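Asks: In order, the protein sequence lines correspond to chains F and V.
Using full-length UniProt numbering, the first residue of the first sequence is number 1, and each one after it goes up by one.
Using full-length UniProt numbering, the first residue of the second sequence is number 1, and each one after it goes up by one.
Be a bit skeptical, because a hint or two may be false.
Unchecked claim - Pairwise CB distance ranges, derived in the manner of DEER restraints:
1. F/Ala141 / V/Ser48: 31 to 39 angstroms
2. V/Thr138 / F/Ala40: 29 to 37 angstroms
3. F/Thr77 / V/Ala174: 44 to 52 angstroms
4. F/Pro32 / V/Ala46: 22 to 30 angstroms
5. V/Gly76 / F/Thr70: 43 to 51 angstroms
6. F/Glu178 / V/Ala46: 44 to 52 angstroms
What the hints assert, rightly or not - If you want the footprint, here are the derived chain F segments under chain V, 3+ residues with CB under 8 angstroms:
7. 99 to 110
8. 126 to 134
9. 151 to 161
10. 167 to 179
11. 182 to 189
Don't read these hints as lab results, they were simulated from the structure.
As the structure is a computational prediction, the values presented were derived from the model and not from experiment.
Idealized CB from N, CA, C, for every residue including glycine.
Now for the letters of each chain:
Protein chains: 2
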Amino acid sequence: MTPAMTRPGGRSAKVAVAVHAAVVELLAEGAPLTVPQVAARAGVNATSVYRRWGDVAGLLADTALVRFGTSSPVPGTGSLRGDLLAWGAALVEEAGRPEELALLRAAVAAGPADPGAPEGFESACSACLTGRSTQAETILAAAQARGEETPTPTRVLDHLVAPVYLRALFGLPAPSVEVLVELLVERLAAPATARATPGARR
Amino acid sequence: MTPAMTRPGGRSAKVAVAVHAAVVELLAEGAPLTVPQVAARAGVNATSVYRRWGDVAGLLADTALVRFGTSSPVPGTGSLRGDLLAWGAALVEEAGRPEELALLRAAVAAGPADPGAPEGFESACSACLTGRSTQAETILAAAQARGEETPTPTRVLDHLVAPVYLRALFGLPAPSVEVLVELLVERLAAPATARATPGARR
C-alpha cells in the first residue's frame, strides 16, 4: 500500500492532510525536518508517522507527490495553446510560493534516491515531477483528440517545466510563459508552413 | 575584495583551491558542511576561513562561482551548432558527476539569498548560473561575429541549461543535447526559410 492510496475523508486521510501540511509549514519556516517535529505539528503520534511514512525521506516524497500531483490542475480551455498558457502560469505562481519552493528545495537536497527509504516510497525528487508529467500528458492527449499537432511530453518537461522550476530554484525571475509556450506550440508542434509565416516568428 | 579576486599561484590562491576542494569533497560525502570541518579538511585555520568567507553560505557561493565559472570552457569549434553541442555535452557530463551534483544540490538547498551572508558574497544559487550565463554570451557573441543568426542568452539558459540541470537535480536521465541544440539553432535562430525545409523538422 502506498501512502497516497488512503480513502478520502477517512481518519487516515485526515492524518495525511495534517502531516503533509506540517511538512510544508516546517520547511517554509526553515526548521530542520524530523519525524517528531512533524508529528507534533500535525498533532499525531510520532509512532504512527514512523509506521506509515518510514522516515523523513518518505514524508518528503509523499508530500511532494500529493502537493505537486493535485495542485495546478489541467485547465481544459479547448486549445493546446490555451491549456499550456494556463497551466504554465499556474506552475510559475506555484513555484513562487514560499511553501512550494521550500518543498522543491528540500526534495532536490534529498537527492534522487534515498537508499534508506522503505520500498514502495517514491523518492522526493521524482515525486515532484510525477504529477507534472501526468498533467502534461493529459493536456497533450486532449489536444491530439481535437486533431491538434502536439510536441512530445518530454519537450513540455524540458522547455516549459524545466525553465520555470530551474529559475525558481536558483532565485532568478520567472520566465515569460507566453514565450515558452509559443516555442512549444508554433515551433515544435505546428506544421512547417505555419512556422514559416513571418507573423509566427519572434 | 571578493574571494575570487586573489592572485593565482600565491599563498592565498593555494588556500582557496584547498578550501574549494574541501567543500566539494565534504558535500559529495554527504557530510554536514561546517566551517571547522572545511578548515580541517583543507588543512588551514578555521579563523582564516571565517575571516575570508564569513560562513558556510559564503563558502558555498564562492566554491560554486569558481567551480561552475571555470569548468566546461567555451569550445570554439567555429560554428554555433558545434559550440553549443560541445558545451552542452560538457554541462551534461559535469552535472552527472557526484561532486558537481552535490554542489548544485547544496546551492539550491541554501536558497536564493542568505541574509546572513556578508556583503559582497554572491548567493550560492546565483553563483551556479553566473559562469554559465557568461559562457553562453561568449558563444553567442562569437557566432554573431561570424554572421550567424543566434538565439538570445535567455533562450540558451531556458532551453539548454535548464533541461540539463533540472533533470540532473531531480534524478532523471540526461536529455539529448542534439535535440536541445537543434531547437536553439534551427527553430529559434535560423531564418524562416531554413526552418521551413522538411529536412529541418523533427
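Asks: Between glutamate 178 of chain F and alanine 46 of chain V, does the C-beta distance stay in 44 to 52 angstroms?
Replies: holds, 50 angstroms
Asks: Could you check the hint for me, namely that threonine 138 of chain V and alanine 40 of chain F are 29 to 37 angstroms apart, CB to CB?
Replies: Violated, at about 52 angstroms.
Asks: Is 44 to 52 angstroms respected by the C-beta to C-beta distance linking threonine 77 of chain F and alanine 174 of chain V?
Replies: The hinted range 44 to 52 angstroms is violated for threonine 77 of chain F and alanine 174 of chain V, with Cβ atoms some 33 angstroms apart.
Asks: With a Cβ-Cβ cutoff of 8 angstroms, does the segment 167 to 179 of chain F contain at least three residues near chain V?
Replies: holds (count 6)
Asks: Is 22 to 30 angstroms right for how far apart the beta carbons of proline 32 of chain F and alanine 46 of chain V are?
Replies: holds, 23 angstroms
Asks: Please check whether alanine 141 of chain F and serine 48 of chain V have a Cβ separation lying inside 31 to 39 angstroms.
Replies: violated, 59 angstroms
Asks: Taking beta carbons only, do three or more residues of the segment 99 to 110 of chain F come closer than 8 angstroms to chain V?
Replies: The restraint on the segment 99 to 110 of chain F holds, since 5 of its residues have a Cβ under 8 angstroms from chain V and three suffice.
Asks: Tell me if chain V covers the segment 126 to 134 of chain F under the three-residue, 8 angstroms CB rule, please?
Replies: holds (count 3)
Asks: Note whether the CB distance of glycine 76 of chain V and threonine 70 of chain F lies within 43 to 51 angstroms or breaks it.
Replies: Once the Cβ atoms are compared, 48 angstroms apart, the range 43 to 51 angstroms for threonine 70 of chain F and glycine 76 of chain V holds.
Asks: Count residues of the segment 182 to 189 of chain F with a Cβ under 8 angstroms from any Cβ of chain V, then say if the count reaches three.
Replies: holds (count 3)
Asks: Closer than 8 angstroms Cβ to Cβ for three or more residues is the test here. Does the segment 151 to 161 of chain F pass it with chain V?
Replies: holds (count 5)
Going through the hint list in order, the structure does not satisfy hints 1, 2, 3.
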